[in-house]
Amino acid sequence: MSERDKDVMQPAPVQPGDRALSVFSRYPSALLLLVVFGVEVGVGMFVIRDLRAASVEAQQMYARSVLGLRQIGELQYQAQETRRSTLYALTTNDSNLQVAYADQSREADRRVTEGITAYLQQARMPNEIEVGRGLQRDWFSYLKVRDEVLASILEGSTKEAVDMDLSGGVPSFERVRQDLEEIKRLYDVQASEQLARVSASSRRSIVRLVGVLCFTLIFATFSVWAIQKSRMIGAVQLAKLQMDFVASISHELRTPLAVIRSAAENIADGVVEGKDQLAKYGSMIRNQSRQMTDLVNQILLFVSTRERKSHYIFQPLQVSEIVNSAVENTAELAREAGFVVEQHVEPDLPHVMGDRSALSRCVQNLVGNAIKYSAQARWVCIRAFREKAGHHSHGEIVISVQDRGIGIDKSDLLHIFEPFYRSPAVRDAQIHGTGLGLPLARSIAEAMGGKLTVESRLGAGSVFALHLPSAKEKDRPVAASSLGRDAVARK
Amino acid sequence: MQRCLGRLVIIGMAVSGLLGVCNHSARAGGAPPNEQDSPEGNLAIVVNTSNPVDTLSLPELRKVFLGERSHWPNGRRITLVMMEPGQPERRALIREVCQMNESDFSRHFLHGVFTGEVFVSPKTLASPVGVRKFVFNVPGAIGYVRASEVDSSVKVIRVDGRLPADKEYGLRIGPPAAH
Chain A
1 MSERDKDVMQ PAPVQPGDRA LSVFSRYPSA LLLLVVFGVE VGVGMFVIRD
51 LRAASVEAQQ MYARSVLGLR QIGELQYQAQ ETRRSTLYAL TTNDSNLQVA
101 YADQSREADR RVTEGITAYL QQARMPNEIE VGRGLQRDWF SYLKVRDEVL
151 ASILEGSTKE AVDMDLSGGV PSFERVRQDL EEIKRLYDVQ ASEQLARVSA
201 SSRRSIVRLV GVLCFTLIFA TFSVWAIQKS RMIGAVQLAK LQMDFVASIS
251 HELRTPLAVI RSAAENIADG VVEGKDQLAK YGSMIRNQSR QMTDLVNQIL
301 LFVSTRERKS HYIFQPLQVS EIVNSAVENT AELAREAGFV VEQHVEPDLP
351 HVMGDRSALS RCVQNLVGNA IKYSAQARWV CIRAFREKAG HHSHGEIVIS
401 VQDRGIGIDK SDLLHIFEPF YRSPAVRDAQ IHGTGLGLPL ARSIAEAMGG
451 KLTVESRLGA GSVFALHLPS AKEKDRPVAA SSLGRDAVAR K
Chain B
1 MQRCLGRLVI IGMAVSGLLG VCNHSARAGG APPNEQDSPE GNLAIVVNTS
51 NPVDTLSLPE LRKVFLGERS HWPNGRRITL VMMEPGQPER RALIREVCQM
101 NESDFSRHFL HGVFTGEVFV SPKTLASPVG VRKFVFNVPG AIGYVRASEV
151 DSSVKVIRVD GRLPADKEYG LRIGPPAAH
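Residue numbers (the numbering used here), protein chains in the order written: chain A, 1 to 491; chain B, 1 to 179.
These are computed hints drawn from the structure, not numbers from a lab.
Please note that the accuracy of each hint is not assured.
[Unchecked claim] Rough simulated footprint, nothing fancy, chain A against chain B, three-plus residues with beta-carbon under 8 Å:
{"#": "1", "stretch": "91–104"}
{"#": "2", "stretch": "112–126"}
[What the hints assert, rightly or not] Sample of chain B residues lacking proximity to chain A, with all beta carbon distances greater than 12 Å (derived):
{"#": "3", "residue": "H108"}
{"#": "4", "residue": "R132"}
{"#": "5", "residue": "G161"}
Using N, Cα and C, we set each Cβ at its ideal position, and we do this for glycine too.
Construct all of the structure, not just a fragment, from the sequences and the given hints.
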C-alpha cells in the first residue's frame, strides 16, 4: 500500500467519544445525579464564599463606622469638657479651686490629644488623614489659647481671660468642632458605602443562587428529556436492527434450506439416478447444512460474548497455526468464489497468547468479509508480522487481511463495529449478512488483550488488522510437542 | 496714723530679729540633725518651665516676693504664689527671704497695695501640690515648695548661685514656730 493510500485511508480504532457515549447511555441517571451534585456543591461553595465576604464586610463596617463614631463622640465630649473646665475656673476666686479646674481641663485635653493620635494611626484614606491632621492642628491651636486663658484666670486677670477666650478661644474651638463634625460625616459616608457593598454582595449572592438553581433545573429537565429521547431512539433503532437482523437471518437460512429442500425432493421423487448423482446431492446437502450450522454458531457465539459468558482457553499459539486454521476453514468458500488467497507469514514470529478457536473464528470472519465485499477483484492477502511500535512492552503481532474490494465509506467506518449495523451501500448492493461478523471479531480481539483496526478507502479496498500481544518469555512452550497441553489461564 | 504704722514696723522688725537670733542660736547650739537639716528639707524656689530666669540673688528674690518687682525680663507679669499662713514653708520664706514675720509680711502687702508701692498681691494655695500646679499653669508664677516636693513640672531657680542640694544653700525651712 502506498503512502498516499495510507494518508487517505482512515483508521477506525475505538474512539474516546464513543466510549463516553457508551458509558453515558449505560449509566445516564448516575451521571445526571453526579452532574447535579457537582453543580449543587459549586453553588454551595459560591454561597458560602459570598456569605463569608458579607460577614467580613459587616464586621469591618461595625469596627470602622460604629466604633469610630463612638470614638468621635467621646472626643467631642472630652473637647467640650476641656473648654467647660476652663470656663468653670472663671467662676471662682479661690486659687485652689481654679487649680483643680485647670487639672480637669488638662486631663480632658490629654484624652482628646490621645484620641486624635489614635484616629490618625487608624486613618487609611487620604481624606481621613487630611481631616485628622487638620483636627490635630486646630486642637493644638485651641490649646495654646486655652493655656493663656487659664494663666490669666489663675493670675486673677478675669477680664483679660474672657477677652482672650472670646477673641481666640471661641473661633479656634469652633474649628475643632467643625473638624469633628467632618470626621463624623466621613464615617457616615464610609458606613453608607460599606452598607451599599454589603447589600450588593447579598444581591449578587441571591442572583447567583437563583441563576445557578435555574440552570440546574433547566439542565436536569433537559437531561431527563435527552435521556428519555435517547432511550426511545435507541429502542427504536434496536427494534429496527433486530427486524433487519431477523430478515437477514431468515434470508441467510432460507437459501440453504431451499437448496436442501430441493435436493431432498429430487431424491424422494426418484429424479436422482446413479451413485454419482446421489453423492453430489449428498455433498450439496452437507455443505448447505454446514453453512447453516456456521451461521447459527456465529449467532450463538456473539450472544455469549455480549453476555460475557464466553470461556476462552488461553495458551501460547503459533501465528501460522491461527492463519492456517482460518485459511483451511474458508478455503471452500474461496474456491467456490474463485478467489486467490495469499499468505505471507513472517518466519520466526513469537507465540501469541489466546484461544485457538476464537482467534481462528476472528480471522475467518475477516477473510469471509474480504471475500464477500471484494466484488470483481478476487484477491485476498493475509499477512502476519511483528509490529515494532506496538502498545505492548513485550512486542505485538499483527495479522492483517487485505482486499481490493468496494471499500468502506468514512461515515460507515464509525459504525461497522456496532452489532447488526449494515451500511446502506451494501444493502443496496444486495450483499447479505447479519451485521455480527465484525462486532464478534472485535470482541474476540479485545478479549485476547489485543485490538482490531481498519484502514479503508472507498473503491480501493480495506485492510483489517488484528493486533495481539506476543506471549511472555516464561509463557512460551519449550518444545512444539507441548503445544496445546499448556493451558495457562482460563477466563 | 503713719506714726502708728512706723512703730508697728519697728516692733515687728525687733521681734523678727529676736526670733532670727533664737533660730540661729538653736541651730548653732548643736541641736541633733533632723529633716530640716538635710537638702530635702531646704526651701526650693520654683518658676514656670518657660521662664528664662535661672538664678536670682537673695535681694532680688526679696524684691520679687515683697511685690516690688512686677515683670520678668521676658515681659511676663510676675504672679506670687504663697502657701497658707501657718505652713513651715511660708514661715521659712518670710523669715529667710523677706526677713519679716507673718504679721509684718501681711502688713507690708496691706500697706503696699494701699500706697501703690506693691504691684502684685500673692495667691494663696493650700498645699505644695497646689503651688506646683499653679506655677505649672501660669508662665509668670513664682512659688516655693520643700525641695523634696519638686518635680519636672516646674523649674527650680538658683538663689545666690546655689541650688537646694548645695551645702551652702541659704534657704532652710528650719524648726516649727513652737520651738
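These are the hints, each one checked on the structure:
1. 91–104: Coverage by chain A is violated for the stretch 91–104 of chain B (0 residues, Cβ < 8 Å).
2. 112–126: holds (count 4)
3. H108: At roughly 19 Å from the nearest Cβ of chain A, B:H108 sits farther out than 12 Å, so the non-interface label holds.
4. R132: Since the minimum Cβ distance to chain A is about 9 Å, B:R132 lies within 12 Å and the statement is violated.
5. G161: holds (29 Å)
The earlier numbered hints that this structure contradicts are 1 and 4.
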